[in-house]
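Going line by line, the protein sequences match chains V and C.
Quick note on numbering: my numbering labels position 68 of the first sequence as 68, and the sequence is numbered without any gaps.
Each position in the second sequence, counted from 1, maps to that position plus 278 in my numbering.
Hints listed in this document are in silico derivations from the structure and should not be mistaken for laboratory results.
Careful: at least some of the hints might be erroneous.
Mimicking SDA-like on lysine to any residue, the simulated pairs with C-alpha atoms at most 20 Å apart in a straight line are [to be verified]:
# : chain 1 : residue 1 : chain 2 : residue 2
1 : V       : Lys119    : C       : Ser399
2 : V       : Lys119    : C       : Ile449
3 : C       : Lys428    : V       : Ala177
4 : V       : Lys90     : C       : Lys428
5 : V       : Lys90     : C       : Thr441
Some chain V residues near chain C, calculated using beta-carbon distances under 8 Å [said to hold, decoys possible]:
#  : residue
6  : Phe96
7  : Pro103
8  : Lys119
9  : Thr143
10 : Tyr145
Each residue gets a CB set at the ideal place from its N, CA and C atoms; glycine is no exception.
Each chain, letter by letter, is given below.
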Amino acid sequence: MTNETGRGAMAETLIKVEDVSHVFPAPDGGGEVIALEGIDIEIGRGEMVSLIGPSGCGKSTLLNVIGGMIAPSQGAALIGGARVRGPRPKEVAYIFQESALLPWATILDNIKVSLEFQKAPRATRDQVAREALKAVGLDAFATSYPHQLSGGMKQRAALARALSLRTDVLLMDEPFAALDEQTRMIFSEDLSRLLANERKTILLVTHSLAEAVFLSDRIFVFTSRPGRIKAVLEVDEPHPRSPAFMTSPKFNDLRNRLYELLRDEVLAAIGKDRQGLA
Amino acid sequence: MTPLSFRSPPPWVSRALVILLLLVLWEILGRMGSQLFFSPLSMVATSGVTIFADREVLEALRTTAWILAIGFGLSVCIGLVLGLAVAMSRFTYQTFLPVLLLLYAIPQITVLPIFVLYFGSGPASKIAFGVSHGLFPIAVSVVAGVQGIKPLLVTSAISMGATRWQIFRRITLPYLAPSLFTGMRLASTATLLGVLLAELYVSSGGVGHFTRRFGESFQPDKLYALIAALSLMAILINETMRMLERRFSRWT
Ligand SMILES: Nc1ncnc2c1ncn2[C@@H]1O[C@H](COP(=O)(O)OP(=O)(O)O)[C@@H](O)[C@H]1O
Ligand SMILES: [Mg+2]
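Please work from the sequences and hints to get the whole structure.
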């Protein structure tokens with residue numbers, strides 16, 4: 001391992017997506033929606049990857065194929081060389097746009113129930129849950145209920161839950177989308193620090209160009225539906241990344257390139273929706 | 279700088295006053311009209327003492343109470359299972375919910391004779407008729423409760439490896455609890471109604487039998503004493519359910 005951060009091209013491949021296409025039946029019953037077409041990607045262990053593209057281009061679908069929640073119409077996803085055929089609770093944890101916490105249980109109990117779902121040994125659940133809360137700075141809120149927390153804290157709790165599952169892979173589907181700008185920035189910095197400490201492999205779906213550049217080792221840019229990979233951008237900057245990185249010329253340059261790549265696709269997606277309306 | 283300072287009394291004071299006023303009205307009206315159909319409060323109170331010393335009446339109260347208990351228990355079990363079955367999938371929901379609502383809407387008193395023909399004139403027909411009243415509020419609330427579960431919670435649980443039983447135990451049931459208790463509150467009064475109607479119709483025993491007897495033999499004082507006892511029973515059950523409902527819906 002020569003790479004200082006343990007990332008980048010040197011790392012072994014952990015996730016492989018082989019020629020995945022997926023077709024949904026159209027909501028009105030007739031016809032079908034091609035969500036993904038011919039996706040081929042490899043992601044290294046410990047790598048942080050962002051998926052970015054217009055709404056409806058199939059980013060969530062790809063995440064769900066990797067997470068074993070959707071069986072693709074064609075192709076396959078592999079984790080650690082084994083084909084994904086269903087949920088992999090020991091290897092993959094999710095963070096959704098909403099925290100998905102049980103409203104009637106405390107934050108601590110929420111994590112313990114998740115560990116029960118995962119079939120983690122009963123004796124260690126309490127300790128594991130408390131450690132995870134500590135890692136995200138929520139240990140003082142262990143006995144709070146979700147509705148007592150702010151949106152940012154709820155997502156932190158969801159992050160704690162995902163960490164407590166001790167999986168290699170973290171799938172994050174627009175986890176910051178419902179948060180305000182400031183909260184997102186702090187959250188991003190925390191995440192970058194976490195990346196430096198733990199060797200998690202993370203796939204992040206985001207709509208924010210700045211977030212993608214700030215957090216990712218690589219950024220996959222999707223075309224409008226049917227989703228294909230249009231370009232891959234590398235961000236060669238070690239974690240943890242400081243706020244200063246966000247104002248550097250390198251950051252701006254990458255973000256501008258990302259914007260150029262996305263603009264056409266977003267326009268195309270809007271055009272398609274308009275035709276659909278007509 | 280004080281605003282208009284009319285301070286309304288605390289709510290329990292005004293409530294107590296209204297009730298007191300009604301009781302006084304009761305006494306006055308009772309003394310004015312025919313005592314064949316209506317009795318003043320004072321007479322009802324004294325008859326209350328005498329009829330509840332009557333072994334037959336006590337026996338009737340006990341009979342009605344256990345029939346009600348069994349009927350209510352069965353309503354909860356059957357209603358819960360039925361509701362869960364209907365809410366199980368989109369298909370069962372779309373197919374069976376309209377049927378459930380249709381049955382709920384039928385004025386059941388019209389089929390009471392059939393219940394008696396089928397279950398006989400013993401306790402069975404009264405239990406069955408009570409259940410036929412209590413079942414639907416529970417089933418319908420259970421369906422509504424399950425429909426309210428956020429799909430993301432289930433998706434998230436599945437991604438973490440939850441089994442079907444774990445999803446039921448950790449998500450469906452706790453989510454259901456508040457609406458289940460709302461249903462149980464409605465069902466408790468509905469079951470009581472069903473049981474009393476059957477007792478009135480068959481008139482072989484129980485409280486319903488005595489309300490009929492006291493009514494037909496022009497003993498309104500005893501009739502109203504019995505009604506008061508019944509009301510007390512209904513209020514007690516209702517309040518217990520409300521407490522449970524609140525206890526299990528603190529998170530909402
Ligand atoms: N369960 C589903 N049934 C039918 N169509 C779906 C389903 N899920 C997603 N789609 C469609 O597939 C396309 C891609 O969806 P998705 O992966 O959620 O996009 P993204 O996450 O990039 O916004 C969209 O057009 C969406 O309408
Ligand atoms: Mg999505």
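We went through each hint and held it up to the structure:
1. A C-alpha spacing of about 54 Å is found between lysine 119 of chain V and serine 399 of chain C, which places the hinted pair above 20 Å, so the restraint is violated.
2. Distance hint between lysine 119 of chain V and isoleucine 449 of chain C is fulfilled; the C-alpha atoms sit about 17 Å from each other, no more than 20 Å.
3. Using a Cα cut-off of 20 Å, the hinted pair lysine 428 of chain C and alanine 177 of chain V holds, with the two alpha carbons roughly 19 Å apart.
4. Taking the CA atoms of lysine 90 of chain V and lysine 428 of chain C, the gap is near 24 Å; set against the 20 Å cutoff, the hint is violated.
5. A distance of roughly 14 Å separates the Cα atoms of lysine 90 of chain V and threonine 441 of chain C; the hinted pair therefore holds under the 20 Å criterion.
6. Nearest Cβ of chain C to the Cβ of phenylalanine 96 of chain V: about 6 Å, under the 8 Å cut. The hint holds.
7. A cut of 8 Å between beta carbons decides the hint on proline 103 of chain V: the least distance to chain C is about 5 Å, and the hint holds.
8. The interface hint given for lysine 119 of chain V is met, as the beta carbon of that residue sits about 6 Å from the closest beta carbon of chain C, less than 8 Å.
9. Interface hint at threonine 143 of chain V: violated, since its Cβ lies 13 Å from the closest Cβ of chain C, which is beyond the 8 Å cut-off.
10. Contact between tyrosine 145 of chain V and chain C, as hinted, is supported at the beta carbon level, the nearest pair being about 6 Å apart and thus within 8 Å.
When the structure is compared with the earlier hints, violations turn up for hints 1, 4, 9 and for no others.
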